[in-house]
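These protein sequence lines map, in sequence, to chains A and B.
With numbering that gives the first Met the number 0 applied, the first sequence covers 0 to 501.
With numbering that gives the first Met the number 0 applied, the second sequence covers 0 to 131.
Honestly, the hints are just simulated from the structure, not real lab data.
Remember, predicted model here, so these are calculated numbers, not experimental data.
Note that beta-carbon positions come from the ideal geometry of N, C-alpha and C, so glycine has one too.
Just so you know, not all the hints are guaranteed correct.
Computed spacing ranges between beta-carbons, pair by pair [to be verified]:
hint, chain 1, residue 1, chain 2, residue 2, range
1, B, A126, A, R356, 32 to 38 Å
2, B, R31, A, F437, 31 to 37 Å
3, B, S53, A, V57, 50 to 56 Å
Chain A side only, calculated, beta carbon under 10 Å to chain B, not exhaustive [what the hints assert, rightly or not]:
hint, residue
4, N26
5, A157
6, L184
7, V389
Rough simulated footprint, nothing fancy, chain B against chain A, three-plus residues with beta-carbon under 8 Å [to be verified]:
hint, stretch
8, 5–13
9, 41–50
10, 146–155
11, 160–172
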Amino acid sequence: MSAHYPGLIIVIPLVAAFLVLIGSLLNKRLAFPLAALALLGSLLTSIGLMIRVMRVGVVEYHLAGWAPPVGIAYRVDHLNALVLVAVASVAFINLLGTRPLVADLFEDRLGPFYTLYVLLVTGLLGIVVTGDAFNLYVLLEIAALTGYALVGMGEGRAPLASLNYIFMGTVGASFYLLGIGYLYLVTGTLNMADLAVRLPALYPSKVVVSAFVICLAGLCLKMGFFPLHAWLPNAYSHAPDPVSSLVAPLMTKVMVYVMVRIMLFVFTPAFAFDLMTISGPMVWLAVVAIVAGSFLALSTRRLKRMLTYIVVAEVGYMVGGFWLGNRLGISGAILHIINDAVMTLCVFLTAAAIMARTGSDRIDDMQGLFKKMPVTMAVFVIAGLSIIGVPPTCGFFSKWYLISGALAAGQYGFVGALLLSSLVNLVLFFRIFEIAYFEPFDAHHGDPSAGHGGRVLSEVQEAPLETLAPLVATAALLFALGIYAGDIVSLIIDHAIPVGIL
Amino acid sequence: MDSLLTNFLAKYNYWVYIGLVMIGMYAMIAKRNLVKKIIGMNIVQTAVILFYVSIGAKKGKMLPIIAHGHGDSGHQAVHAIDYINPLPHVLMLTAIVVSVATLGVALALAIKIYRRYGTLEENEIAARINEQ
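Given these sequences and hints, build the entire structure.
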C-alpha cells in the first residue's frame, strides 16, 4: 500500500472529484463530506509519504510500471514531500473552514463547486509530485483551468478578472511548454532526472539558453512575479471568498516550487546560478517586487485587495531568496513557501469570516470588530504579526533565513527591501487593528438614552464554530511552524537542497 | 544573404511558429474585443502545438507503424530513422485537449461577461464599471 503513495496522492482526489459530482446529483449534501474525505485521504497519504521519505530517502514511483525515461515517473524527495504536506493541509483546512460560506454562496451549485475544488487540489498535488516535465504542464493546466472556473463563479467583476487571468495564465503555461519543447529538441527526453543528466554536455548551446529563459519567463508570469503580476490582484480579490482563500495561498507558492524544482533539478545550480548571470538582476527584480507590492498594499482601503498585494510582495521574498543562490537564501525561500502558504490561508480565512459578518470589504467598516468577533480578530492579529515577522510566529524565521542569506551574498538591497516591507506590513496591520479596536463613532454619540446600554450594538457576533475551529488551528500552526522552524530546516530542507550549494 | 535565405527555407517551420505566436500576442494585446483576444490566445496555443508537431516530422519518412509487422516470417531490424517521431505528436494530443478546454472556459466566461455588461468591447465594459 505505502509503495503506491505517490500515485494514490493524486488518484484519490481525481477519482473523488467525479464521485463528488455524481454524489451531488443524488443528494446535494453529499458533496461536502465526499470532498472532505478525498482531501483527508490526500493529506494522510502526503504525511505517510513524508515519513517514508525521511526514513528511506527519495521515493520513485513509475506510473503503470513503465520505467523512465519511457514512462512517467513520480519522484518524491524531501523538497516535494514537504510542499505536498503543505498543499494538502492548506486545502483541507480551507475546505473545512469555508463550509458555511460555500453553503451560503453556492447553494444550488454545491456539486460543481466541490468538484472543481477537489480537481484544483489534484492538479496542485500533481504538479508537486511529478518528475516529468510534460506531465507537470498537463497538471498545471488542470490546476489553472479549475482555478479560472472557480474564480469566474464569483459575482460582480469576477468573470472579467477571471478572463484576464486566463489570458495571462495561458501565455505563461504556453511559454513553459515551449521551453520544455526546446529541451526535448536537444535531449530527446522529458523526464526531469534524465534531463539533468543529459543537459550539462549541452550547456553552451543557444537552444538550452533559450529554453531556460522561456521557461523562467512563463513561470514568473504564472507566479505573479512583479512586472508580470497584473492579473493577480483582480483575480484574487474578485474571486469568491472561499476560492481566494484556497488559490491565494497555494497557486503562487506551488509555482515558486516549480521554479525551484526546474532550476535546481533540471538545469543544475551550476548553470542557473553561475553560467547564466541573471542571479543579480533577479534579486533586484525581487527587490522591486517587494517594494512595489508593499506600497500598492498601502494604497488600497479594501481588505482583500490589500492582502493580494501582500501576496505579490511575498512572491518577491521567495524568488529573491532563491536567486541569492546560497544555502541560507534557498532554505529561507523553501521555508517561506510553507510558512507563507499557512499565513496567507490564515489572513484570507479571517478576511472571509470578517466580510461574511460585516458584509463589506472596506477596512473602514471594520470598526468595533475586536468586540464583535474577539476570537477571529485574535487570529487575525497572530497572522498579521507573522506576516510582519514577529517571533515566535513562523514569518520571523523564514525572514531571518532570507536576511542572513542576503547578507552572506552581499545583496544589501534585498536586506533593505525585506526590512522596509516588514515596516510597511507593520503599518498595514496596525492601521487595521486600530480601526477595529474602536467602536463606530456614531454608536453611542449623541444618544444619551442609550448610555452604556448602547453596547447592544457591539454584542459578540462570532463567526460560526465550524469556521472558528480551523482558524484557531491555523493560528496554532503558525506558532508550531515558528517553534519547529529549526527542525524543519535541519531535518527536511537541508536534504532538499543539492549538496553543491554552500 | 544566400545562406540566410537557405537557412530560412530549411527551417521555415520555426519561422511559421514564431510568426503565429506574434500574431496571437498582437491580438491579445492590441484588440479590444474579448472574443478576438480569446482567438489570439488560441493562436498562441496552436503555434506551440505546431512547433511540437514539426519537430517530430521527417521528410519522406514513414508513419511510426512497423511495415509488415504481422505475418512476416523474417524478422527485420527496425531503424528508428525511417520513421517520424511519434512522441511529440502524442504529447500534442494532450495539449490540444488542454487548448480546447481553455477555449471553452474562456468563451463561457465571455458569455457571462456579455450577460452582465451587454457588450464584449473592453472600453465599453470599463465605462460600465465606472458608471456603477
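These are the hints, each one checked on the structure:
1. In this structure the supplied range 32 to 38 Å holds for B/A126 paired with A/R356, their Cβ-Cβ distance being about 34 Å.
2. Our hint of 31 to 37 Å for B/R31 and A/F437 is violated, since their Cβ atoms are close to 46 Å apart.
3. For B/S53 and A/V57, the hinted distance range of 50 to 56 Å is not satisfied, since their beta carbons lie about 36 Å from each other.
4. A cut of 10 Å between beta carbons decides the hint on A/N26: the least distance to chain B is about 26 Å, and the hint is violated.
5. Of the supplied interface hints, the one on A/A157 holds, with its beta-carbon coming within about 9 Å of a beta-carbon of chain B, less than 10 Å.
6. For A/L184, the interface hint holds, the least distance from its beta-carbon to any beta-carbon of chain B being 6 Å, beneath 10 Å.
7. For A/V389, the shortest C-beta to C-beta distance to chain B is roughly 39 Å, which exceeds 10 Å, and the interface hint is violated.
8. A count of 0 residues in the stretch 5–13 of chain A with a Cβ less than 8 Å from any Cβ of chain B is obtained; the coverage claim is therefore unmet, three being the minimum.
9. Proximity of the stretch 41–50 of chain A to chain B, defined as three or more residues with a beta carbon under 8 Å from a beta carbon of that chain, is not established by the 0 residues found.
10. Figure legend: the stretch 146–155 of chain A, annotated as covered by chain B; annotation consistent (3 residues with Cβ-Cβ distances under 8 Å, at least 3 required).
11. Given a C-beta distance limit of less than 8 Å, the hint that chain B covers the stretch 160–172 of chain A holds, as 6 residues qualify and 3 suffice.
Violated hints, listed in ascending order, are 2, 3, 4, 7, 8, 9; each of the other numbered hints is respected by the structure.
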